[in-house]
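Chemist: Read top to bottom, the protein sequences are chains A and B.
Here the first sequence stands for residues 150 to 541, numbered as in my numbering.
Here the second sequence stands for residues 150 to 541, numbered as in my numbering.
Some hints here could point you the wrong way.
Same chains, same label: a pair holds when it works inside one copy or across any pair of copies.
Think about it this way: if two alpha-carbon atoms lie no more than 30 angstroms apart in a straight line, the pair counts; the simulated DSSO-like pairs of lysine-lysine are [as the list claims (entries may be wrong)]:
{"id": "1", "residue 1": "K263", "residue 2": "K203"}
{"id": "2", "residue 1": "K286", "residue 2": "K361"}
{"id": "3", "residue 1": "K501", "residue 2": "K203"}
{"id": "4", "residue 1": "K286", "residue 2": "K509"}
{"id": "5", "residue 1": "K473", "residue 2": "K225"}
{"id": "6", "residue 1": "K304", "residue 2": "K359"}
{"id": "7", "residue 1": "K428", "residue 2": "K263"}
{"id": "8", "residue 1": "K361", "residue 2": "K203"}
{"id": "9", "residue 1": "K203", "residue 2": "K225"}
{"id": "10", "residue 1": "K203", "residue 2": "K359"}
{"id": "11", "residue 1": "K225", "residue 2": "K479"}
{"id": "12", "residue 1": "K361", "residue 2": "K473"}
{"id": "13", "residue 1": "K286", "residue 2": "K263"}
{"id": "14", "residue 1": "K428", "residue 2": "K286"}
{"id": "15", "residue 1": "K479", "residue 2": "K304"}
{"id": "16", "residue 1": "K304", "residue 2": "K286"}
Everything labelled a hint here was simulated from the structure, so no lab data went into it.
Number of protein chains: 2
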Amino acid sequence: MKKTVVLALAAVALCLTSGAYGQQPPAAAGSAQQQCGPVNQPDNRVTFRLLAPKASAVTVRWGVQVDIGDPVTMTKGSDELWTATVGPLESELYGYTFNVDGIRMVDPCHAEVKRDGAKLESMLLIPGGIGDLYAVKDVPHGTLSQVWYLSPTAKLTRRMQVYTPPGYEDSSNTRYPVLYLLHGGGGDETEWNNQGRMSEILDNLIAQGKTKPMIVVMPNGHVTRTASLGFTVTSIPAPASALAMARGQAQLGTASFEETLVKDVIPYVEKHYRVLANKENRAIAGLSMGGGHTVNTTLANPTMFNYIGVFSMGVREMTADIDKKFVALKAANPRLYYVGCGTQDSLITSAKALVAELEKLGIGHTFRQTNHGHWWGAWRIYLSEFAPKLFQ
Amino acid sequence: MKKTVVLALAAVALCLTSGAYGQQPPAAAGSAQQQCGPVNQPDNRVTFRLLAPKASAVTVRWGVQVDIGDPVTMTKGSDELWTATVGPLESELYGYTFNVDGIRMVDPCHAEVKRDGAKLESMLLIPGGIGDLYAVKDVPHGTLSQVWYLSPTAKLTRRMQVYTPPGYEDSSNTRYPVLYLLHGGGGDETEWNNQGRMSEILDNLIAQGKTKPMIVVMPNGHVTRTASLGFTVTSIPAPASALAMARGQAQLGTASFEETLVKDVIPYVEKHYRVLANKENRAIAGLSMGGGHTVNTTLANPTMFNYIGVFSMGVREMTADIDKKFVALKAANPRLYYVGCGTQDSLITSAKALVAELEKLGIGHTFRQTNHGHWWGAWRIYLSEFAPKLFQ
Chain A
150 MKKTVVLALA
160 AVALCLTSGA
170 YGQQPPAAAG
180 SAQQQCGPVN
190 QPDNRVTFRL
200 LAPKASAVTV
210 RWGVQVDIGD
220 PVTMTKGSDE
230 LWTATVGPLE
240 SELYGYTFNV
250 DGIRMVDPCH
260 AEVKRDGAKL
270 ESMLLIPGGI
280 GDLYAVKDVP
290 HGTLSQVWYL
300 SPTAKLTRRM
310 QVYTPPGYED
320 SSNTRYPVLY
330 LLHGGGGDET
340 EWNNQGRMSE
350 ILDNLIAQGK
360 TKPMIVVMPN
370 GHVTRTASLG
380 FTVTSIPAPA
390 SALAMARGQA
400 QLGTASFEET
410 LVKDVIPYVE
420 KHYRVLANKE
430 NRAIAGLSMG
440 GGHTVNTTLA
450 NPTMFNYIGV
460 FSMGVREMTA
470 DIDKKFVALK
480 AANPRLYYVG
490 CGTQDSLITS
500 AKALVAELEK
510 LGIGHTFRQT
520 NHGHWWGAWR
530 IYLSEFAPKL
540 FQ
Chain B
150 MKKTVVLALA
160 AVALCLTSGA
170 YGQQPPAAAG
180 SAQQQCGPVN
190 QPDNRVTFRL
200 LAPKASAVTV
210 RWGVQVDIGD
220 PVTMTKGSDE
230 LWTATVGPLE
240 SELYGYTFNV
250 DGIRMVDPCH
260 AEVKRDGAKL
270 ESMLLIPGGI
280 GDLYAVKDVP
290 HGTLSQVWYL
300 SPTAKLTRRM
310 QVYTPPGYED
320 SSNTRYPVLY
330 LLHGGGGDET
340 EWNNQGRMSE
350 ILDNLIAQGK
360 TKPMIVVMPN
370 GHVTRTASLG
380 FTVTSIPAPA
390 SALAMARGQA
400 QLGTASFEET
410 LVKDVIPYVE
420 KHYRVLANKE
430 NRAIAGLSMG
440 GGHTVNTTLA
450 NPTMFNYIGV
460 FSMGVREMTA
470 DIDKKFVALK
480 AANPRLYYVG
490 CGTQDSLITS
500 AKALVAELEK
510 LGIGHTFRQT
520 NHGHWWGAWR
530 IYLSEFAPKL
540 FQ
């Protein structure tokens, strides 16, 4: 875990630079600068540290999913530094938060955070295994863009993120296949790249020759919102929509997301990017709510996508109408139907119901069960397994 | 300040969505959900709130620059909620942080944060004035891209941010002028868009017809780094560089940034974007360390830029060699030399020395002094005044 060392030195660097050029990083609290932030120990153990002189109880929660599992009690040393050593940790991308006398907080000495819905958590990457897939490596990198597009269906200008693979900008005529990648109910258009490490996963898999270069499009799945937290257009009466929603007068999500995807997003992408615009080169995948969007979009448009990925979602209630749509999907013969779900995920039942339907109709599929709950740790793995199967 | 209302409803929306589709936002702590986050009061007063049952002292720091000025004492109510009401606040983009018994923390109920160097701060936008320029409005938006490029001079693949203005993607032949916009010593390639609200300022000024559509390129000014915090390439021996730097064996910054800009960044941009690649359509500006980069780059390449902006920086020591270079710059006759500095900024002396040199040689210039220190509040204003003067 050399990262911690790098960060500490980076802090020194900031101060040096500041002395030379003027702009000062915010003052660190004296000796606290040397006494905080996570430190690596041998064998991938990690010591969390927090200077909290007056606190009576400090705990740390850490994990692939932070807010589950038991908090770890931290111990106060004679120097008023609270510490807890955990591990050995398997290589992974973890989050962690402190709890100081009942207050949840990110590590004040570690500015690398990721956002899960409306909550921040500190980030901890342990390399040497799967974590390497989520790290920024010395490989060619794609470009990640925040793109605003007109969504006539949603009657909004909305924001999406678009990943163009390494080499895209260096060519003027190569066309690429596209994966439409959808987030969950607590997320937004930035989530797959933030918690999901989409850019790093694709960069690394492409560099390893395991995945074809492709464009990845990540729209915002909440059709009444313009963009992620902090980038919602303030002059649009979004409060009205949110209010209506809170009162049950309006619905987010699947109600018309499929329509905005098919009528707004895909035409925009196929007009503005060098895309192979046909079924053979179109994939769709999503997690949780986005898995629902994926099921619904592909049932409503069976001939549109050749590759389908449903992560931590399935079919909650099989009706005659849905069954009929699956029959139409079978006729369209998609090349891949990948279902991934954790055995600890409460949605495993619906995932299994989806798989049962695919089996019943003889639609070829892959059912991947992992030892996860409804967590990002699962979805990163599903993406890293799904992407190599596309467009081959 | 309707934003708070929107956020609260967004939290409700997350829960509703989660119930419907599965992915759960992390659990909020019961009633705390209703008892935290900033709330607006009449007349742009703001009440900060933090549920901290066991704390003995809680303060809040807020401001255009958070870590200056006195902290405001918060008061504990019978419900164990600590509050402090401040204001009326002028329209601005503020930051704020809590201090709970000596621990600095961002607001756990407010996921909108901005990063100043290695520290996070909670974000608070008060509309109705200058703050409107920093808000996401219902106007056409440019695209913001994170682009990796090969920097042969720095011997690294490095990351920059590139803003392409509204309409760029809808045209295939329109060419645009370019502003190279440089951050300060505590910053990185993301800083101008994060603290600096570059995209919002440009989107809004362009929509108002005050600024010409332009491409804005924001490279990373630390030439030994690949990218911002958390996106440094882990497999490159950056620790060695940082270590050497900490030991004084290597230097960051101006040593060769000008070279990487001129030999690597500008050629990349002019090859990969539809750019008007001539002096008349090339501008450069920077703050603090980036202001130093701007001074040095334009002195070393006097015929390259027609518009020069130096924010919170100047010339520390006038030498015969530098004077000679300014004479060459005068001969190149740049159309605009804008110097902006706060009267509370310790670098005002160097800014005045720069202005004195410009006056001495008769180089036309604009000297803008504001009532700021070495703060982002100043640099956002300088950008919003500088951009309308470009390419007219």
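Chemist: Take the hints in turn and mark each one as holding or not.
Modeler: Results for each hint:
no., hint, in the structure
1, K263 - K203, "both (28 angstroms within a copy, 27 angstroms between copies)"
2, K286 - K361, "within (18 angstroms within a copy, 38 angstroms between copies)"
3, K501 - K203, "neither (51 angstroms within a copy, 46 angstroms between copies)"
4, K286 - K509, "neither (43 angstroms within a copy, 50 angstroms between copies)"
5, K473 - K225, "neither (63 angstroms within a copy, 61 angstroms between copies)"
6, K304 - K359, "between (39 angstroms within a copy, 27 angstroms between copies)"
7, K428 - K263, "neither (34 angstroms within a copy, 41 angstroms between copies)"
8, K361 - K203, "neither (54 angstroms within a copy, 54 angstroms between copies)"
9, K203 - K225, "both (10 angstroms within a copy, 17 angstroms between copies)"
10, K203 - K359, "neither (52 angstroms within a copy, 53 angstroms between copies)"
11, K225 - K479, "neither (62 angstroms within a copy, 63 angstroms between copies)"
12, K361 - K473, "neither (33 angstroms within a copy, 55 angstroms between copies)"
13, K286 - K263, "both (19 angstroms within a copy, 25 angstroms between copies)"
14, K428 - K286, "neither (32 angstroms within a copy, 36 angstroms between copies)"
15, K479 - K304, "neither (34 angstroms within a copy, 52 angstroms between copies)"
16, K304 - K286, "between (40 angstroms within a copy, 15 angstroms between copies)"
Of the hints listed earlier, those the structure fails to meet are numbers 3, 4, 5, 7, 8, 10, 11, 12, 14 and 15, in rising order.
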